[in-house]
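Each chain is listed here by its residues.
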Amino acid sequence: MGKIKDIHNQLLNKEISAVELIKEYLANLKVSENKLGTYLAITEEKAIADALAIDKKISNGESIGLLAGIPMGIKDNISTKGIITTCGSKILENYKPVYNATVVNKLYHEGGIILGKCNMDEFAMGSSSENSAYKLVRNPWDIDRVPGGSSGGSAATVGAEEVVFSLGSDTGGSIRQPAGFCGVAGMKPTYGRVSRYGLIAYASSLDQIGPIAKNVEDCAIVHDIISGYDKMDSTSANMPSTKSLDNINRDIKGLRIGVPKEYFGGDEKVLKTLKKALAKFEEMGAIVEETSLPHTEYALPAYYIIASAEASSNLARFDGVRYGARDFDQNDVTDMMSVTRDKFFGKEVKKRIMIGTYALSAGYYDAYYLKALKVRTLLKRDFDEAFKKYDVLITPVAPTLPFKIGENIKDSITMYLGDICTVTINLVGIPGIAIPCGFADGLPVGMQILGKPFSEELLFNVAHRFEQNNDFHLRKPEVK
Amino acid sequence: MNNKYEVVIGLEVHVELKTATKIFCGCKTTFGGDPNTHVCPICLGLPGVLPVVNEKVVEYGVRTGLAINAKVPNYSKFDRKNYYYPDLTKNFQTSQFDLPICENGYLDIEVDGVVKRIGITRAHMEEDAGKLVHSGKTISSSNSSNVDYNRVGVPLLEIVSEPDIRSSEEAKAYVEALKMILTYIDVSDCKMEEGSIRADANVSIRLIGAKEFGTRTETKNLNSLKALQKAIEYEVERQTEVIEDGGVIEQETRTWDDEQGITLSMRSKADAHDYRYFPEPDLPPIILTDEYIDNIRRLLPELPEARKKRLIEMDSLSVYDANLVIAEKFLADFYDEVRKSIDDPKLIVNYLMGDYYRELVAVGLDFSSSPVSTKDFSELLKLLQEKTISGKIAKEIIPLMVKDGKSPKVIVEEKGLVQISDTGAIEAIIAEVVAANPKAVDDYKNGKGNSIGFLVGQVMKASKGKANPGIVNELLKSVLDK
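Protein sequences, first through last, are from chains A and B. Each step along the first sequence adds one to the number in the numbering used here, with nothing skipped, and position 339 is 339. Each step along the second sequence adds one to the number in the numbering used here, with nothing skipped, and position 126 is 126.
Simulated from the structure, these hints should not be mistaken for laboratory data. Everything numeric in this text was worked out from a predicted model, so none of it was measured. Don't be surprised by glycine CBs; every beta carbon is placed ideally from N, CA and C. Warning: the hint list may mix true and false statements.
[Stated by the list, open to error] As a list, the in silico DMTMM-like pairs of lysine to aspartate or glutamate whose alpha-carbon atoms are at most 20 Å apart:
1) K131(B) <-> D332(A)
2) K448(B) <-> E474(B)
3) K404(A) <-> D144(A)
4) K137(B) <-> D471(A)
5) K375(B) <-> D343(B)
6) K461(B) <-> E474(B)
7) K4(B) <-> D186(B)
8) K374(A) <-> E233(B)
9) K280(A) <-> E45(A)
10) K71(B) <-> E55(B)
11) K81(B) <-> D366(A)
12) K261(A) <-> D391(A)
13) K81(A) <-> E45(A)
14) K395(B) <-> D355(B)
15) K280(A) <-> E268(A)
16) K4(B) <-> E233(B)
17) K220(B) <-> D87(B)
18) K275(A) <-> D441(A)
19) K77(B) <-> D366(A)
20) K371(A) <-> D98(B)
21) K231(A) <-> D87(B)
[Stated by the list, open to error] Looking from chain B toward chain A, a few residues come up when the C-beta cut is under 10 Å (computed):
22) N82
23) Y84
24) M192
25) R276
26) F278
27) D282
28) I429
Construct the complete structure from the given sequences, taking the supplied hints into account.
Here it is in structure tokens:
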């Protein structure tokens, strides 16, 4: 498995051609995908054509981008012009976007080669990728277990080394939790750091696109490329892109690490692994202290109200009138719209639309939505206080190890509780990176490192330092 | 109308702002065009797109707020109004709910010489919806419907009045006053026929002296002043009848059927939408600094009321004339421009509203579509002032100016219409006329003073109207009195 920089040099030195590289990856991907269900579409023809173009550039002596020839997977809720983008939903079964998301344009511009669209929970609603309307995604470390979600396809494909990196989206943990479950690095950037233009919205005030890669350096490279102001996204921060790659390899002696006790209530095996990792940080010269984020317990209900409320409005446009699936058996437009939505949306999506519709209804708005916004403010205050004392906070990514397929899907509450370590971060809008911090029962355990708004460069450095002192990222699952 | 009752009316006026592009994307706002040609992924609401606020819309909103004497808060925001209808591309309309761009304004209107102040609750920015095109005459008789999304995302300002209006005449005066201001500040064309301004009327009646309002109905989509007045009058009559018959008014939304001249029930309160408003998460709040607002205030053009006052006080125009001039911004600007070179306000008004206006009406033009420039119009008045032409010749020249847009000087030269002020030439004509009309000359000499009128007429006729009538009069008198 190559790292971006290594592959880049091999291409420049003509040790390998982009076409050879891409064909090799595609051949492997097709076999592996069969077992893991990581893709909803494989874009073989485009990939080879793009690789040919890169080779031509190289042989012409033209300059190429750092991602030139690098195989990547894009989550299926990120718009790709001319490539079917379903969001894992039947309602968009044959929907082909007419434009590229800003992040896709940026990756194409650097020469990144798309191998396909990654499977996901329908409309990014789920924590196990079991809500895909098409097929399951399996965890490369144990195919009877879930890869996490909703970016399960994006994390598993990187974990199984089907591609070098992928893009996911994170609304309540959808990059970090699957990255943790699959033993890879995944960054949820600060809200506004990466353009959302072209990301099919689940919850607009929480969604962020972010990179997933096998190691922190590659994750940082991709983040540097996709971040930065976009005039097409009014919520994007007017700041230049990050320079994380130039800022890794810095010493972390004296780094103040806060460990919020509210996040340490999960599975013993997870906690034990985390504690070992924290000890490692102390060994590396960091100062590790327990701290508290007192309003944590209110985060989960607030998240499900805000996310569902926004989703109920964002998903209203899928009505069969303009694009996507339509039920043709109805006599008037109202019936057509409601039957279309009933028939082609999955259960979890319909559930959240109903929760959100209810929370926004006259007479309930103040009790639910407005109260959830107040919780959001309190949570922000918790973190503001904590970051006065600490440079970063470290928590588990999830309270449990990757669970078995089918284990939680019937029990929403247990499933939702699995998001307890990640949802708060989206409500607060700060960045968080997930990296493997050890293994338990042969399964990866994810660690989450959190920082102030726009501290991605610091987070990449801290994660990178940890990674350099361990070998977890070098392990490769044997997909059985 | 039964005079036991008082009518209470509040108007919601939707004004299309005349920005070049739509409120949240770069598409053109031009009226017409083939269906679905002025659209892009953003206004089509395709999955994944995001809105970006057109700053012009905010500027126009602020300008309107200041012109209608409203407060413009430093903080306002967009909200989503959620409802399902195929003329929307997202099944929500991005609008403003609790924190609009301006609040608490007013307008003064005049009906039968009485000035009245109508409160304005608020004005908020929002996006227009598309248009459903049914295959049949009505929805129920149609086999299919198509949607044209060209209008989606055209910026609108909804201006909501207080329930201060008491008659259909006041309602009309209010909309006219509003239209006048909006065209003065150049934020809208206010073309009712193109739908760039339309009104919804909230109408109720109550016993005179009653403190509580009666139950109101809302009649939607009144897109002419006539429809507005007629719909209000119809509603008042209908509600009076219902109450007189011992019934109660249902709170409901009604629609105006122009063909039948009646309002029809659309939906009752029970079927009213719950719009589930919530803050638009894709748009940050609109934060306006005092400097920004003051800047717009400073650049505000002179408004109709101030202009009227100036014309009365500085130019000594009558209230009647001043009202005529300010009624249209184009005309008022035209007047001001001409006024720069013609120091006779009354002369300007007389010609503008007299011969010139009559000619425009006759050929089906209006002031703004006329080819006559202020320069040419001033030149015409100057020729009159210098007595190069007479009023009679002016009457002949004006149609030619309107027809070809030619300058009056050129017309005068081409047609040889210069007034004859040369006494020698006039004396020669007088001599001929006196010789040819001995009877009239005798009559005059015998004390029938009015026969001089006949002789003047003959001189004018002989000169083909070109003789200066003042000089003719003077010379004729001196010849006859010899």
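Status of each hint after checking the structure:
1. Distance restraint check for K131(B) and D332(A): the Cα-Cα separation of roughly 17 Å lies within the 20 Å cut-off, and the hinted pair is therefore satisfied.
2. Restraint check for K448(B) and E474(B): satisfied, since their Cα atoms lie roughly 17 Å apart, inside the 20 Å limit.
3. Taken as a hint, the K404(A) and D144(A) pair is honoured in the structure, with Cα atoms around 6 Å apart against an allowance of 20 Å.
4. Our distance criterion of 20 Å between C-alpha atoms is broken by K137(B) and D471(A), whose separation comes to about 74 Å.
5. Under the criterion of a C-alpha separation no larger than 20 Å, the hint pairing K375(B) with D343(B) is consistent with the structure, at around 14 Å.
6. Straight-line distance between C-alpha atoms of K461(B) and E474(B) comes to about 17 Å, which keeps the hinted pair within the 20 Å bound.
7. Distance check on the hinted pair: K4(B) and D186(B) sit about 42 Å apart at the alpha-carbon level, beyond 20 Å; violated.
8. At most 20 Å may separate the alpha-carbon atoms for a hinted pair to count; K374(A) and E233(B) exceed this at roughly 48 Å.
9. The straight-line distance between the Cα atoms of K280(A) and E45(A) is roughly 46 Å, outside the 20 Å bound, and the hint therefore fails.
10. At most 20 Å may separate the alpha-carbon atoms for a hinted pair to count; K71(B) and E55(B) meet this at roughly 19 Å.
11. Note on K81(B) and D366(A): the hinted pairing holds, with a Cα-Cα distance of about 17 Å set against a maximum of 20 Å.
12. About 17 Å separates the Cα atoms of K261(A) and D391(A), which keeps this hinted pair within 20 Å; it holds.
13. Straight-line distance between C-alpha atoms of K81(A) and E45(A) comes to about 15 Å, which keeps the hinted pair within the 20 Å bound.
14. The hinted pair formed by K395(B) and D355(B) meets the criterion: a straight-line CA distance of about 7 Å does not exceed 20 Å.
15. In summary, the hint linking K280(A) to E268(A) is supported, as the alpha carbons are separated by about 18 Å, within the 20 Å threshold.
16. Annotation: proposed proximity of K4(B) to E233(B) holds, straight-line Cα distance about 16 Å (limit 20 Å).
17. Note on K220(B) and D87(B): the hinted pairing holds, with a Cα-Cα distance of about 16 Å set against a maximum of 20 Å.
18. Only pairs whose Cα atoms come within 20 Å are accepted, and K275(A) paired with D441(A) is accepted, the gap being roughly 16 Å.
19. The straight-line distance between the Cα atoms of K77(B) and D366(A) is roughly 18 Å, inside the 20 Å bound, and the hint therefore holds.
20. At most 20 Å may separate the alpha-carbon atoms for a hinted pair to count; K371(A) and D98(B) meet this at roughly 17 Å.
21. The suggested pairing of K231(A) with D87(B) is violated, with an alpha-carbon distance near 27 Å, which exceeds 20 Å.
22. About 5 Å separates the beta-carbon of N82(B) from the nearest beta-carbon of chain A, less than 10 Å, and the hint is met.
23. Restraint check, Y84(B) versus chain A: the minimum CB separation of about 6 Å is within 10 Å; hint holds.
24. This hint is violated: M192(B) has a C-beta 29 Å from the nearest C-beta of chain A, more than the 10 Å allowed.
25. Using the Cβ-Cβ criterion of 10 Å, the hint placing R276(B) at the interface with chain A is satisfied: the shortest such distance is roughly 4 Å.
26. Evaluation of the F278(B) hint against chain A yields a held restraint, the C-beta minimum of about 5 Å falling below 10 Å.
27. At its closest, the beta carbon of D282(B) sits 5 Å from a beta carbon of chain A; the interface hint therefore holds under the 10 Å criterion.
28. Against a cut-off of 10 Å between C-beta atoms, the interface hint on I429(B) is violated, since the closest Cβ of chain A lies about 78 Å away.
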